[in-house]
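**Student:** Each protein sequence line maps, in turn, to chains A and B.
Its first residue numbered 1, the first sequence is counted upward by one per residue in our numbering.
Its first residue numbered 402, the second sequence is counted upward by one per residue in our numbering.
It should be emphasised that the hints constitute simulated quantities derived from the structure, not laboratory data.
One thing to keep in mind: the hints can contain errors.
[What the hints assert, rightly or not] Here chain B is said to cover these stretches of chain A; the calculated rule only asks that three of the stretch's residues, wherever they fall, bring their Cβ under 8 Å from a Cβ of chain B:
# : segment
1 : 98 to 108
2 : 266 to 275
3 : 356 to 369
[Stated by the list, open to error] Chain A is faced by these chain B residues, among others (derived, beta-carbon under 8 Å):
# : residue
4 : V433
5 : A695
6 : S702
Glycine is no exception: its CB is placed at the ideal position from the N, C-alpha and C atoms.
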Amino acid sequence: MLADALLLNLGYNATLVAIGATLLGISAGGTGTFLFLRKRALVSDAISHATLPGVGLAFIVMVALGGDGRNLIGLLAGSAVSAWVGLLCLSWLTRRTRLAEDAAIGAVLSVFFGFGIVLLTVIQTMGSGRQAGLESFLLGATAGMLRADALVIALGGALALALIVLLRRPLTLVAFDPDYATARGLPVHRLDLALMGLVMAVTVVGLKIVGLILIVALLIIPPVAARFWTERAGTVALLAGLFGGLSGYVGAAVSAAAPGLPTGPIIVLVSFAIFALSLLFAPGRGVLAALLRHLRYRRRVHLRQGLLALAQDQPIYERLTLRLLARAGLARPDGVPTGAGRARAAKALRDEARWADLRADPEHEAAAALYDGLRDIETVLTRDQIAEIDRRLGGPQEVTP
Amino acid sequence: MSGAEFVPLSLTPMLIGTCAAVACALPGNFLVLRRQALIGDAISHVVLPGIVVAFLLTGAIAAWPMMLGAGGAAVLAVALIEAIRRLGRIEPGAAMGVVFTSMFAGGVLLLEQSDTSSVHLDVQHALYGNLESLIWLDATGWASLLDPEALGALPPELIRMAVTLLVVIGFTWLLWRPLKLSTFDEGFARTLGMRTGLLGLALVIVAAVAAVAAFDAVGSIIVIAMFICPPAAARLMTDRLEHQVGWSVAFAVLSAVLGYVLAGYGPLWLGAQDAVSAAGMIATVSGVILALAARFGPCRSRTGAPQEI
Numbered sequence: 001m002l003a004d005a006l007l008l009n010l011g012y013n014a015t016l017v018a019i020g021a022t023l024l025g026i027s028a029g030g031t032g033t034f035l036f037l038r039k040r041a042l043v044s045d046a047i048s049h050a051t052l053p054g055v056g057l058a059f060i061v062m063v064a065l066g067g068d069g070r071n072l073i074g075l076l077a078g079s080a081v082s083a084w085v086g087l088l089c090l091s092w093l094t095r096r097t098r099l100a101e102d103a104a105i106g107a108v109l110s111v112f113f114g115f116g117i118v119l120l121t122v123i124q125t126m127g128s129g130r131q132a133g134l135e136s137f138l139l140g141a142t143a144g145m146l147r148a149d150a151l152v153i154a155l156g157g158a159l160a161l162a163l164i165v166l167l168r169r170p171l172t173l174v175a176f177d178p179d180y181a182t183a184r185g186l187p188v189h190r191l192d193l194a195l196m197g198l199v200m201a202v203t204v205v206g207l208k209i210v211g212l213i214l215i216v217a218l219l220i221i222p223p224v225a226a227r228f229w230t231e232r233a234g235t236v237a238l239l240a241g242l243f244g245g246l247s248g249y250v251g252a253a254v255s256a257a258a259p260g261l262p263t264g265p266i267i268v269l270v271s272f273a274i275f276a277l278s279l280l281f282a283p284g285r286g287v288l289a290a291l292l293r294h295l296r297y298r299r300r301v302h303l304r305q306g307l308l309a310l311a312q313d314q315p316i317y318e319r320l321t322l323r324l325l326a327r328a329g330l331a332r333p334d335g336v337p338t339g340a341g342r343a344r345a346a347k348a349l350r351d352e353a354r355w356a357d358l359r360a361d362p363e364h365e366a367a368a369a370l371y372d373g374l375r376d377i378e379t380v381l382t383r384d385q386i387a388e389i390d391r392r393l394g395g396p397q398e399v400t401p
Numbered sequence: 402m403s404g405a406e407f408v409p410l411s412l413t414p415m416l417i418g419t420c421a422a423v424a425c426a427l428p429g430n431f432l433v434l435r436r437q438a439l440i441g442d443a444i445s446h447v448v449l450p451g452i453v454v455a456f457l458l459t460g461a462i463a464a465w466p467m468m469l470g471a472g473g474a475a476v477l478a479v480a481l482i483e484a485i486r487r488l489g490r491i492e493p494g495a496a497m498g499v500v501f502t503s504m505f506a507g508g509v510l511l512l513e514q515s516d517t518s519s520v521h522l523d524v525q526h527a528l529y530g531n532l533e534s535l536i537w538l539d540a541t542g543w544a545s546l547l548d549p550e551a552l553g554a555l556p557p558e559l560i561r562m563a564v565t566l567l568v569v570i571g572f573t574w575l576l577w578r579p580l581k582l583s584t585f586d587e588g589f590a591r592t593l594g595m596r597t598g599l600l601g602l603a604l605v606i607v608a609a610v611a612a613v614a615a616f617d618a619v620g621s622i623i624v625i626a627m628f629i630c631p632p633a634a635a636r637l638m639t640d641r642l643e644h645q646v647g648w649s650v651a652f653a654v655l656s657a658v659l660g661y662v663l664a665g666y667g668p669l670w671l672g673a674q675d676a677v678s679a680a681g682m683i684a685t686v687s688g689v690i691l692a693l694a695a696r697f698g699p700c701r702s703r704t705g706a707p708q709e710i
């Protein structure tokens with residue numbers, strides 16, 4: 001069943017939803033990357049909640065004009081307008097008052113959403129038989145998706161994606177260094193508004209599939225997951241698009257495969273799974289990689305300290321050090337050094353002396369700054385320099401066993 | 402309006418709304434000043450999975466297991482946010498966004514998967530609450546306030562909310578000086594030997610308690626709005642924390658009462674038949690108050706601090 005769903009064999013509606021969700025995921029991931037890099041990820045939360053009054057008002061207006069209140073394009077246009085108004089309120093609150101951005105986000109989010117709920121209850125009581133099903137915009141509803149709806153979503157997603165590709169350079173610059181961007185003559189405030197406009201477009205397009213509460217997830221989670229894998233902004237955007245598209249596709253397929261699996265939450269949970277995998281297993285920034293790095297570092301510290309202790313004939317009480325020395329064949333389990341261990345220990349002690357000499361010499365300040373107790377001196381100095389230090393230190397001295 | 406109609410139908414919802422608003426606005430003051438305002442948003446989202454899990458475990462809609470579940474979910478969410486922030490070196494806003502959306506999605510999924518059709522538990526209820534239905538049926542008029550028998554039939558939400566409000570007031574009153582100090586100058590507070598990390602956690606937990614109790618009665622919209630709007634508006638009115646807290650309480654009470662009245666009677670005045678959502682209206686009124694404060698408040702502009710980009 002799941003294989004059928006993944007291969008788009010579950011019928012017309014499921015295929016439409018899967019394609020729409022994939023496109024939505026790609027554009028949301030790409031857009032969200034710049035929002036995330038600008039450290040304003042939660043602005044999307046305010047924007048998405050601010051769409052609700054627009055949906056309600058658009059419905060009321062369309063019914064008042066005698067049309068069908070459920071026309072998707074009309075509802076989406078209304079939601080876009082009110083999201084834009086919310087965005088302007090947010091921007092005004094942060095720029096013109098002393099409130100910090102997070103308070104402004106929370107205020108816009110809750111007030112617009114509350115007003116939207118008021119409008120929804122107004123609509124519920126408006127006329128008989130006009131049960132609009134506008135609540136479906138809260139969590140998304142894909143069951144009754146029409147071909148026209150899918151086309152609107154696909155077009156909107158593609159448009160947002162094209163704009164992201166066009167604006168990627170100035171947006172990256174603004175995200176990393178707004179001061180420099182201002183100095184270069186870039187209209188930072190307008191670029192910020194453009195980015196918010198893109199976020200708004202993605203939100204509006206995503207209302208139908210994942211709903212306004214969960215669209216935030218598609219804007220935030222894929223970029224955060226992508227950030228683990230690379231240090232380059234362009235690659236983060238590409239990966240985020242890939243992760244977002246994958247979540248949309250797999251999520252839509254899984255939700256089509258069995259009843260009682262709502263599309264929006266499944267898509268979000270799939271993207272969270274991708275995030276969790278990235279957090280754990282990404283090379284470099286992942287938790288597992290960091291753990292391995294830490295263990296390797298600890299092993300090096302223990303070995304080094306153990307060798308120095310052997311060289312100075314001090315007893316070793318630390319179990320881990322003993323075990324590591326024994327495993328490397330440098331000491332017996334009772335702490336008595338082997339021949340190889342004696343040689344390595346003598347070398348370690350001599351290296352310490354060389355480092356001490358190097359660090360006492362102001363001429364080698366830069367090289368001496370690299371001393372951390374672990375680094376091999378051969379990686380810092382040439383053979384000639386080491387020989388010079390050795391001349392000052394005198395010849396190798398015997399290590400008394 | 403006569404007492405015979407007002408007391409049973411409107412008095413208790415109004416009181417519950419007011420208690421909830423004040424209980425959220427008090428910790429909200431510190432959250433807004435510490436730039437943690439969105440913790441309230443995150444908590445109110447993760448309450449849903451907590452309640453659903455509590456329902457699945459106990460199989461019944463009972464207040465205490467649900468509050469425990471919601472509180473547990475809130476603490477879990479805060480821990481997860483912190484873990485992701487530290488382990489992944491992700492900025493706090495994004496970490497919060499990852500956690501609360503995922504947990505909310507999990508809650509919705511659990512809700513759809515489990516058979517909750519027989520009980521009153523759905524996403525809409527969680528969002529809007531049902532303030533209007535918390536009526537006091539045994540009351541007959543103002544005299545019922547002195548009638549022990551009628552008082553015994555008060556909606557349990559009112560008692561819970563009042564107790565929560567007392568807890569929140571007690572917390573704020575007892576820890577007033579440390580809270581104030583660590584909010585404005587955390588470094589100094591730490592040099593004085595205060596456990597600022599612990600204090601911050603306690604603040605978040607108290608906020609979660611207020612959110613969960615309020616959520617039970619009035620839904621999550623009011624919770625977010627009351628955490629942020631009254632304190633933010635109060636922040637624009639004064640430079641002193643004491644006055645700010647006073648203003649925020651006043652704004653919270655005003656929002657709750659005016660919002661409830663407008664929702665219940667406003668449509669009637671306009672000639673419509675039915676009331677609109679009280680929770681939504683309370684949030685809207687608090688937003689209007691914030692807008693007025695932002696436009697006319699005496700301390701609205703940022704002075705002395707450098708302009709942020």
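**Student:** Compare the structure with each hint and give your call.
**Tutor:** Here's how the hints hold up against the structure:
A stretch counts as covered by a chain when three or more of its residues have a beta carbon under 8 Å from one of that chain; for the segment 98 to 108 of chain A and chain B the count is 9, and the coverage holds. Judged by the Cβ-Cβ criterion of 8 Å, the segment 266 to 275 of chain A is covered by chain B as claimed, because 5 of its residues qualify and three suffice. For a cut-off of 8 Å, the count of residues in the segment 356 to 369 of chain A with a CB near a CB of chain B stands at 0, and the three-residue condition is violated. About 5 Å separates the beta-carbon of V433(B) from the nearest beta-carbon of chain A, less than 8 Å, and the hint is met.
With 8 Å as the threshold, the beta carbon of A695(B) comes within range of chain A, its nearest partner Cβ sitting at about 5 Å, so the hint holds. Interface hint status for S702(B): upheld, as the beta-carbon distance to the closest one in chain A is roughly 6 Å, under 8 Å.
When the structure is compared with the earlier hints, a violation turns up for hint 3 alone.
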